[in-house]
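Heads up: the protein sequence lines correspond to chains R and Z, in order.
Counting in my numbering, the first sequence tops out at residue 421, every number present.
Counting in my numbering, the second sequence tops out at residue 567, every number present.
FYI, nobody ran anything at the bench for these hints, they're computed from the structure.
One should not assume that every hint holds.
Derived pair list, reagent style DSS-like, types lysine-lysine, alpha-carbon separation capped at 27 Å [what the hints assert, rightly or not]:
no., chain 1, residue 1, chain 2, residue 2
1, R, K224, Z, K490
2, R, K99, R, K201
3, R, K224, Z, K514
4, R, K224, Z, K509
5, R, K224, Z, K521
6, R, K99, R, K355
7, Z, K483, R, K388
8, R, K388, Z, K522
9, Z, K514, Z, K490
10, Z, K522, R, K224
11, Z, K483, R, K224
12, Z, K509, Z, K522
13, R, K201, Z, K562
14, Z, K490, Z, K562
15, Z, K521, R, K388
16, R, K388, Z, K514
17, Z, K521, Z, K509
18, Z, K509, R, K388
19, R, K201, Z, K521
Stretches of chain R that chain Z covers, calculated by requiring three or more beta carbons in the stretch to come under 8 Å of a beta carbon on chain Z [said to hold, decoys possible]:
no., region
20, 128–140
21, 148–160
22, 214–226
With the C-beta cut set under 10 Å, the calculated list includes, among others, these residues of chain R facing chain Z [what the hints assert, rightly or not]:
no., residue
23, P88
24, H90
25, T163
26, S166
27, G179
28, H182
29, G183
30, Q185
Note that CB positions come from ideal geometry on N, CA and C, so glycine has one too.
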Amino acid sequence: MLYRSFVLVVIPIVVLLSSGFSAYASHNTIAAAEENTQHLPAPVPLTVGYPQLALMSPEAQQERIDALEKGLAEVIDQLNKKTDAGIPLHGFADVTLGKSSRDYGALSPKGFSSSGVDLYLSPQFSDQTHALIEALVEPDANGEVGVDLERLQLGYAFSDALTLWSGRFHTPYGYWNTGFHHGAQIQTALTRPKFLDFEDKGGILPAHSVGLWATGNIRYGTDKINYDVYVANGSRITAGALDMNNAKDDNANKALGINLGYEFRDDLEGLRLGIHGLREEVDAYVSGVSVARVMLTMLGGYAVYDNNDWEIISEYYHFNNADLLTTRDHSSWAGFAQLGITVQRRWTPYARYEKASFNPTDPYFSYQTYGQSYQRSVVGLRFDLNIKTSLKLEVDTTRQHQTTAPSLNYNEIRVQYAVAF
Amino acid sequence: MKSVCNMRLHSKGMRMKARQALLLILVLAAHLTAWAGEIYIVSHPTLSIRSDEVRDIYNGDKQLSAGVKLVLVDNALIQTDFLARVVKLSIDKYNSLWIKKSFRDGISIPQVKSGDAEVIAFIKSNPGAIGYISKPHPELKTIAHY
Numbered sequence: 001m002l003y004r005s006f007v008l009v010v011i012p013i014v015v016l017l018s019s020g021f022s023a024y025a026s027h028n029t030i031a032a033a034e035e036n037t038q039h040l041p042a043p044v045p046l047t048v049g050y051p052q053l054a055l056m057s058p059e060a061q062q063e064r065i066d067a068l069e070k071g072l073a074e075v076i077d078q079l080n081k082k083t084d085a086g087i088p089l090h091g092f093a094d095v096t097l098g099k100s101s102r103d104y105g106a107l108s109p110k111g112f113s114s115s116g117v118d119l120y121l122s123p124q125f126s127d128q129t130h131a132l133i134e135a136l137v138e139p140d141a142n143g144e145v146g147v148d149l150e151r152l153q154l155g156y157a158f159s160d161a162l163t164l165w166s167g168r169f170h171t172p173y174g175y176w177n178t179g180f181h182h183g184a185q186i187q188t189a190l191t192r193p194k195f196l197d198f199e200d201k202g203g204i205l206p207a208h209s210v211g212l213w214a215t216g217n218i219r220y221g222t223d224k225i226n227y228d229v230y231v232a233n234g235s236r237i238t239a240g241a242l243d244m245n246n247a248k249d250d251n252a253n254k255a256l257g258i259n260l261g262y263e264f265r266d267d268l269e270g271l272r273l274g275i276h277g278l279r280e281e282v283d284a285y286v287s288g289v290s291v292a293r294v295m296l297t298m299l300g301g302y303a304v305y306d307n308n309d310w311e312i313i314s315e316y317y318h319f320n321n322a323d324l325l326t327t328r329d330h331s332s333w334a335g336f337a338q339l340g341i342t343v344q345r346r347w348t349p350y351a352r353y354e355k356a357s358f359n360p361t362d363p364y365f366s367y368q369t370y371g372q373s374y375q376r377s378v379v380g381l382r383f384d385l386n387i388k389t390s391l392k393l394e395v396d397t398t399r400q401h402q403t404t405a406p407s408l409n410y411n412e413i414r415v416q417y418a419v420a421f
Numbered sequence: 422m423k424s425v426c427n428m429r430l431h432s433k434g435m436r437m438k439a440r441q442a443l444l445l446i447l448v449l450a451a452h453l454t455a456w457a458g459e460i461y462i463v464s465h466p467t468l469s470i471r472s473d474e475v476r477d478i479y480n481g482d483k484q485l486s487a488g489v490k491l492v493l494v495d496n497a498l499i500q501t502d503f504l505a506r507v508v509k510l511s512i513d514k515y516n517s518l519w520i521k522k523s524f525r526d527g528i529s530i531p532q533v534k535s536g537d538a539e540v541i542a543f544i545k546s547n548p549g550a551i552g553y554i555s556k557p558h559p560e561l562k563t564i565a566h567y
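Excised from the complex, chain Z in its bound form (with noise of 0.2 Å):
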């Protein structure tokens, strides 16, 4: 009687921790689901920029496009977003990152703009600039799709 019981209660007891392990997956799963917008790298339409370039771009490895300089601007509203899924680092590395490359290599530090209007107006000034926005722009070509 008393080992029936001990069997029920340890069956209980791995009900209840299958219960809360699957209660953790699913709040995990809305947690990670909760930010689902779409990011789109783009570019000056002049630029021709391969998908598999871009993180070698944030990362300050590719600095040239036939000939071109490239002028990076990241976009404060998606830019934790934008280095989590695409370049692959946390924004605290990417800082460290650039402060390091711009004094080893001499190249400008990325400039951060408020939004996807100031991005959009950016890269259409300059010949060199490659950004991205949350939504696509007809203007600008869009070089992957994250």
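Chain R extracted, bound-state conformation (with noise of 0.2 Å):
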């Protein structure tokens, strides 16, 4: 009975004093300004020091008002230009602790590292022409740190259904690669998945793009339609890895992307699918010399939600690429599905499982070091510290397949300190 009576009497009372309190604070930061003005010395007279003024009728004395205001609004402006602190630059680092069960080569964490610092800025030229300009300055496998020129896009933006790049971008295909990149702290889990990891770094997609690139989103009713369409460098692989012809195209095959999605709003707000299709000639060197020719032709589809503190990406790609040499085709592919949710704000637990099933006999995969299937299972735990800095713990097992040996499984464990700036 007393526990009701508190919970009628005065659980009622707090709340509505703390209804009050917030109200009154706003209120109460309005008055304390209003209360600020009155101490403000009384008004000058506008005559003083202005002599001439008390002779002028009311009308000059107004227009010399407006010609006065004029001029301080002049002064305001050109105040906001000389203040102005250039472009803004922005960026990600992040240093990560690493252990793995099995030193499996040069991507095998171990120890501290870190992926460097990645810097971006987009100045703005005029309403509609600007550029994007991202460098990565990283170690090396040898520790040695180098810059990459990661984006260096100039741009025109005809309108918000039309932008049109031209220069480097990040090859707009499925949802991952263009949404976070080299953004570790905006991605929710620590690592990327394993096939969609950069060229150098085990990825089998070229993760950027030399060319021309068209984006834009239209309205659907309430919905929205986003696109991608691309025409960029065919890219070739050398050394065991895809290079994405940087600085020239070695032969005159372009590649050619699209991707198309639609986002949702009002009941499914934050859902998106879409589908991404890449095609392009792809050689294969060793020591310099071309030993294989292969038509990539990759289609495939992505769903993400993300919304109400849950995050569920998903992505898949399916291969259907043709050996140019012994006109076979091979069909491949690899997917993986990744589930999120926030709890108190700062807690996200997550889950990721990939799979890929790559043909061993498609020169695509076979030439690059890191082109065999695998399975991946990956749970971890991210710790936002504030909107800018996160804490992330993620362990994963890995099991993969290898044509003239067993199996390689492996289990890591990552923590990473991530910052956004």
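With the hints as a guide, bring both chains together as one complex.
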């Protein structure tokens, strides 16, 4: 009874008081501001210092006031221009501590490492012309620090429905590659899906492209349609890894790609569905000699839900590659699904499952060092210290198939401190 | 007799629960109506923006209006309320969205101004500017009112 009385009387009073206080606080701020203005010195008569004003008619005085206001506005405008801080520089950085149950080469985590500092800026030259420049300062496998030009995009925005970019950009397939890329802080998980990693980190698709890219969004009722269409230098395989032909193309064939997404609003807010495709001719080189030529044809789809503390990302890639030297076709596929939920605004447990089934006789995969089929399960926990800083703990177990040896099984653990600025 | 007593106790319990529910509703209603401030979406007078485009603009999906680059400003004093009512996002989600948008599309993160006066001054001096304030301003165009 006592408890009920407490519930019925005390809690409502506390809540009502808190409501009152919050409303009072808002009013109080305004009241304080008003009070402060009352403490300001009394207004100086307009004629003080300007005795000629006293002789003017009210209309002339008004004109004088208008002229002064206009002058003041121009001064403020000039000051605003002078205090322009230039182009904001943003970026990402992270430090990772990792260990693997098996040393499987250069990509095997061991001790402390950093993926470097990723810096980007987006100068605006006019309302419709702008650029996006991103550079990654990172150590290589030997510890030598180098600078990679990640993106250099020069763009012209015709409208929200069409922006045309030229230069080097993140290849717009799926969702992950353009959504997160080097931004470890903005992706929930610590690692990328293995097959979607960067070209020099074991990825089997060109994460970057050099060419032309048209992108935009069109409203469809309350929903939205996004699209990307691009033409770029075709990739090549050299030294066991994809090279997107940054400097110049090694053959006349270009990569052609498309990504079409549909974003729902209202009842299905946060849901995005899409399809994507990429086609390009890829030559594989060994010691500078072309040993294989493949027509890569990738088609796939993705589904993303990011709303109400839930994040679900799934992507699927189907390959139907033609070996142009033997005229044989090879079919392969890869995909992943990741699920995460944020609780109490800061904690995000997540899990991901990845699988890749690559045809070992397809030269596109067999000439890539990491082009083997695999399965990986990942679980992790992310803690957001604030909107720009996070700590992540991630554990994964991987089974990697090998054509000439038994499967390689290993477990890894990583802890990462990631920041965005 | 026992059953009558049980019924009375039962009905007494029901009344108590009904009272508790009523009080809870009243308390929630009082809490929800505690902040009834007005929000005016305003822009530079030369811009022509429809009220149904405001959400797209603050989501980063609409960046141009008749060839003019839109420049967004947030008003720190009423930002949380604006985001909840107009953009339908929490401040955490909003900040996270803009970090991602800025990285992906190379667009500028909205500047946060301390209050109405700063927002008004900024919009007046930037032809593509759009923001929100707590009172209408005669020199700015009011796009929508919440």
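Cross-check of the supplied hints:
no.	hint	verdict
1	R:K224 / Z:K490	20 Å, holds
2	R:K99 / R:K201	17 Å, holds
3	R:K224 / Z:K514	19 Å, holds
4	R:K224 / Z:K509	17 Å, holds
5	R:K224 / Z:K521	18 Å, holds
6	R:K99 / R:K355	22 Å, holds
7	Z:K483 / R:K388	25 Å, holds
8	R:K388 / Z:K522	14 Å, holds
9	Z:K514 / Z:K490	24 Å, holds
10	Z:K522 / R:K224	16 Å, holds
11	Z:K483 / R:K224	11 Å, holds
12	Z:K509 / Z:K522	17 Å, holds
13	R:K201 / Z:K562	52 Å, violated
14	Z:K490 / Z:K562	17 Å, holds
15	Z:K521 / R:K388	11 Å, holds
16	R:K388 / Z:K514	12 Å, holds
17	Z:K521 / Z:K509	18 Å, holds
18	Z:K509 / R:K388	22 Å, holds
19	R:K201 / Z:K521	23 Å, holds
20	128–140	holds (count 4)
21	148–160	holds (count 5)
22	214–226	holds (count 3)
23	P88	7 Å, holds
24	H90	6 Å, holds
25	T163	8 Å, holds
26	S166	14 Å, violated
27	G179	6 Å, holds
28	H182	9 Å, holds
29	G183	5 Å, holds
30	Q185	8 Å, holds
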